[in-house]
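Participant: Here are the chains, one letter per residue:
Number of protein chains: 2
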Amino acid sequence: MSLPSLRLTASLAALGAATAVLSAPAAPAKAEEGMWTFDNFPIATVNQTYGVNIDQAWLDRVREAAVRLQGCSASLVSGEGLILTNHHCVVGCVQDLSDAQHDYVKNGWMPATREDEKKCPGQTAEILTDITDVTERVQGAGQGLEGAAFVQARNAEAEKIQKEGCGDDPKWTCQVISLYRGGQYKLYKFRKYDDVRLVFAPEFQAAFFGGDPDNFNFPRYALDSGFLRIYEDGKPVATPNHLTWNPNAPKEGDVTFVAGNPGTTQRLLTVAQLEALRDQQLPISLIQFSELRGRLLEYSTTGDEAKRVAVDPIFGLENSFKVYYGQQGALTDPAFMARKRQEEADLRQRVAADPELAARIGDPWADLERVAQAQRDLYLPYRQLESGPRSQLYSYAKAIVRAAKERAKPVAERRPGYTDADIAALGRRLAQNAPISNDIEEIYMAFWLSKTREYLTVDNPQVKALLGKDSPEQIAQRTVSGTRLADPAFRAQALAMTPEQLAASGDAMIQFVLANDDAAQAIRTQWESAVSGPTSRAGEKIAQARFAAYGTNLYPDATFSLRLSYGSVKGWTYQGVTVEPFTYIGGLYERNTGAEPFNAAEDWLAAEDKVNKQTVYDFVSTNDIIGGNSGSPVINAKGEVIGAAFDGNIHSLGGSFGYDGNLNRTVTVSTAAITEALRNVYHQPRLLEELGVE
Amino acid sequence: MSLPSLRLTASLAALGAATAVLSAPAAPAKAEEGMWTFDNFPIATVNQTYGVNIDQAWLDRVREAAVRLQGCSASLVSGEGLILTNHHCVVGCVQDLSDAQHDYVKNGWMPATREDEKKCPGQTAEILTDITDVTERVQGAGQGLEGAAFVQARNAEAEKIQKEGCGDDPKWTCQVISLYRGGQYKLYKFRKYDDVRLVFAPEFQAAFFGGDPDNFNFPRYALDSGFLRIYEDGKPVATPNHLTWNPNAPKEGDVTFVAGNPGTTQRLLTVAQLEALRDQQLPISLIQFSELRGRLLEYSTTGDEAKRVAVDPIFGLENSFKVYYGQQGALTDPAFMARKRQEEADLRQRVAADPELAARIGDPWADLERVAQAQRDLYLPYRQLESGPRSQLYSYAKAIVRAAKERAKPVAERRPGYTDADIAALGRRLAQNAPISNDIEEIYMAFWLSKTREYLTVDNPQVKALLGKDSPEQIAQRTVSGTRLADPAFRAQALAMTPEQLAASGDAMIQFVLANDDAAQAIRTQWESAVSGPTSRAGEKIAQARFAAYGTNLYPDATFSLRLSYGSVKGWTYQGVTVEPFTYIGGLYERNTGAEPFNAAEDWLAAEDKVNKQTVYDFVSTNDIIGGNSGSPVINAKGEVIGAAFDGNIHSLGGSFGYDGNLNRTVTVSTAAITEALRNVYHQPRLLEELGVE
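Listed in order, the protein sequences are those of chains A and B. To get this note's numbering, take the position in the first sequence, counting from 1, and add 11. To get this note's numbering, take the position in the second sequence, counting from 1, and add 11.
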């Protein structure tokens, strides 16, 4: 499915997708539709529909076992801090722990003892403990302000609330989350762990059998699972509130729950906003991702080490590409857009019919059409100059430069996100050591510079300032080879420097970022003033219109915060072809061609005579999920874990804008298959024992 | 501008762009708008507007000096067969004449004597001699037929007309051209030359200074010019009807004519057709071109020889990408689409107001909306399976396989395009020897196969048949290394074989194509039946509606046939920035950074003290042109050549769908600059003498 992750969340935010409200406006959510918050779950409906007996205690148990990772979801599955998630959520860590001599991505990570479990650089795990309504405080903070000032006042108030909730304690995360596109704000408080170790990862070719061609498709034969463990003070954390491991696959029609962190949905963007996505933001993303994909794919053919270091970047890029491609498919489907127009017309009609409401909210749709014009003009400079390249080294430099500039100001005048505590937290993130491929960094830098020149043109003053007399390739080479930012010790030093010291540091990447940062921040300010500020304000008014028109028994758009969806195990039929809900391990051997990416992993080939080919491998269900849900526990009515969701089918990609119960499906690797693999392919008795199966 | 060419023409055809009618439906064409046929040029309007005195004799002289190349335009500029065109129209030839030891692309091609001029493989030159109306015959042929049968009957009648006009004489080309989207059909007869030799090409970096970033932009400093010569019986052809070379640049406001072969415009596609382009065909092209661009760019960094062989493929791809990107810009501009909707509504209203007309034409707009649905379903399989890869070896194999299959049938049952004479002509084309890069061929094959699998999915039966148990890379390697089709002698042998002999030939590429050709032809038949046939029929009805509503004093959409446009030398103003109409040679040295692609060519650097920096280099004018016009002579009121058109500005890319006289500009390299370069940079007295300047 998706590294989607902070990267996805962030990049969708850059796409201008503020926050959303609801899918089916004129009617309550259809059966199985909805990514419900834990404080507003339709218990009665579910119990009635499926003949089950869930209650608040059931919900609390699930919540306490649900884990948020960077960009992914997960769950506690033993009393000793063991976490189940997807392989693709840990593959970055596996790559970080690998080197040219030890390719754990290819061969898998299977330490013999708990002592050999290694820390994943930068990985954190968060468990939601409390939800508090803070709507009035946040909405009050923006009152009477416009544009960038409005955005800043809101952000500052949210920061204040977070600070009050968690202080600077690194064991807690407090996050103010905008729900219903600004209709509600809630403070989510998480217990946070930052020593997260890699316990088990299968071979890449087992986890990602079928590769990009099979991604977002079904039938599927992928063991997309892995295990982590949370530690504190050097010891595994005791986690009595874990999910029970059920090693048996469900039956067709069985009820399924998915608890996780769907990243972003945009189900109630206005038609003008959807058209801006369709006509500008998604096309540019698809085009840029495609060219970069071509560069990385070709680079990966130049040698074994190039292939090794490119695996994870290519996976992330191809995955995002397919997500956007699927989204574009929905937005260019005339029937889909006709429904969106109809929904919008219905809501506007209801507003028009209620003079008091109409007077209170004005015409936010017209406001958003005006925003669309500004967005059209500003999008490319904002995207290129402020969002920057994928380069990790550039990101380090940018974070350090901005921290230095803000720290030089009095505290009250700093931008949100730059309190001393924030900068200290940044320091902890910068201290994480992860390997960096200079080749790939250079590709990222040269690509970004050449696209910036292409889209903004050579004669643009900011482009002239960026490039000077050099080519993109020369700057890429100079900044990547001329920086010490790959070294965490130097990052710590640099973070302590003043802007003047940074300028004198002689570090090529830092100097490059420093020279161009004012222009980048200027375009950011313009964007906030003309686009994100007015968008946020209009979104809030539309949310008020929705609450007034349809009531509040609705689920909010996804915001990478904990949600619960319900559904059942079920295949689907499309254009006359019916897809069954299960695959079996035996099917892997039938689909194996020996040629990448349809070559079965070596350990699986070796184990062919030992594995039970009748075991359910992957299955699909009607749960409503989206990128960010990767690794979510799939749970039966008893609250036991029966799999890890790792993908949606191709139809589910339009789910960003609307759910279709006939076609949208969640794809899950079964605990049955994981158990079988641990027993007969990878021979991991210590894990089986910990999971309570023999 | 564009290799646009047959490649562009063909690929736009694949985009489903049938044929078009007119830009400004409700009013006569605006001043300067229009790509007029030579038999319907608005002489009076032009003479009146510009105070000039052109007449039929003037038009005939220009027509007789205008030359059509593959995908480009050109003109005769001496009495001994000398042809002026663009460098980018001859760079393929320059590359063909180069090898790893002789890089004429980089260093230029400047033979000392006429005897050293070398034949360009496959290049032809055609001069229009007659135009005959054949509308009734062609329209009559389709009567009473539908779908694929309709398309085939029309094509067969057009072939018959062509055969009657030119027989099998290789010195003549007869072509039935559809004008006004099927409103008229005309037989164009050309004198054809197939011994075309390369006379002069400057250094690549002089011709294409600024590279892709400057392409379709202005100000510009590019010597995008080159010379060819037509030979017959081993001697230069005597061409008394040539244009006179005027070595002086025009002044601002001077009238300018451009005679050439604009490839394709789509100015009166219906809104449904434009939306299909916007939502499916252009996005897929942009995405695929981008990924392939990334692959080729990265490949070109792997060594000097890789860089050399990739120059032309990358240029062609980036150029096409930018064309499509510009087109997409127009189609996603809300104001532009609103005008298109308004125009369509106006025409439909006029039809509705005329019951006789309405009864005669029915509702072709509704027909096209139904086509859009079929097109949506068939486009990807048609594009992937029938259009095939960019690979030259694959193209050879496909041509040979199809010829063999058709030749096995009785003449009356063959598809159009496969008479014995057609197959003989194919044999002559296959005999042309051009170097082939196996590396790039493999990239093309692997890319195409992987995209076919991606878009049609692994479980599609045709994809299964294509790939079998192999990866795209394995098939690419096997077919490219296992074919003898790079050898013209083997191509001649293969063309003589039966399908059975081809199957037994042991040639990997031929066998691969043979195994998949039935499926490709099947999807082609479906496409003709459900898409191109009904589109053509509806287009014709809309053309009738237009003639009825607005009269016949209109220009037809571009069809890569000879047209004349008029305008004047003029800059433009956009978003407050004014661009002057001229650049001067001195500006080249100011823009030179030394870094690719802004590094001035070596001979120009060496000549800096000798050249006259006040010479006009490039200039812009308001002429209405499009891809295919590359190399067109720009002509003054006296009928003298004053430059070679080589590009449009960025705004002109929307010109595919409509002309905007405020912004659309033609970009031309002046004869003044070419003269100065021949004199003081490249020292070519023999050419200067032939051009009549000392």
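Be aware that one or more of the hints could be misleading.
To be verified - What follows is a set of in silico ranges between Cβ atoms, one per label pair, in the way DEER data are often shown: (1) B:605 x A:674: 50 to 60 Å; (2) B:480 x A:674: 56 to 66 Å; (3) B:597 x A:471: 17 to 27 Å; (4) A:110 x B:597: 48 to 58 Å; (5) B:356 x A:350: 20 to 30 Å; (6) A:589 x B:352: 47 to 57 Å; (7) A:384 x B:113: 34 to 44 Å; (8) A:472 x B:605: 39 to 49 Å; (9) A:498 x B:607: 51 to 61 Å; (10) B:597 x A:507: 30 to 40 Å.
Said to hold, decoys possible - Capping the alpha-carbon separation at 25 Å, the derived lysine-lysine pairs in DSS-like fashion look like this: (11) A:480 x B:203; (12) B:480 x A:318; (13) B:475 x B:171; (14) A:416 x A:171; (15) A:624 x A:117; (16) B:318 x A:462; (17) A:581 x A:475; (18) A:174 x A:420; (19) B:480 x A:624; (20) B:117 x B:462; (21) A:200 x A:174; (22) B:462 x B:480; (23) A:581 x A:480; (24) A:129 x A:174; (25) A:462 x B:462; (26) B:117 x A:480; (27) B:333 x A:462; (28) A:480 x B:475; (29) B:462 x A:475; (30) B:129 x B:171; (31) B:262 x B:203; (32) A:333 x B:182; (33) B:480 x A:117; (34) A:174 x A:203; (35) B:333 x A:318; (36) A:318 x A:117; (37) A:333 x B:203; (38) A:318 x B:462; (39) A:182 x A:203; (40) A:333 x B:174.
Calculated directly from the structure, the hints in this document are not laboratory data. Using N, Cα and C, we set each Cβ at its ideal position, and we do this for glycine too.
Participant: Flag every earlier hint the structure violates by its number, smallest first.
Facilitator: 2, 6, 7, 8, 9, 10, 11, 13, 17, 20, 23, 24, 28, 29, 30, 31, 32, 35, 37, 40
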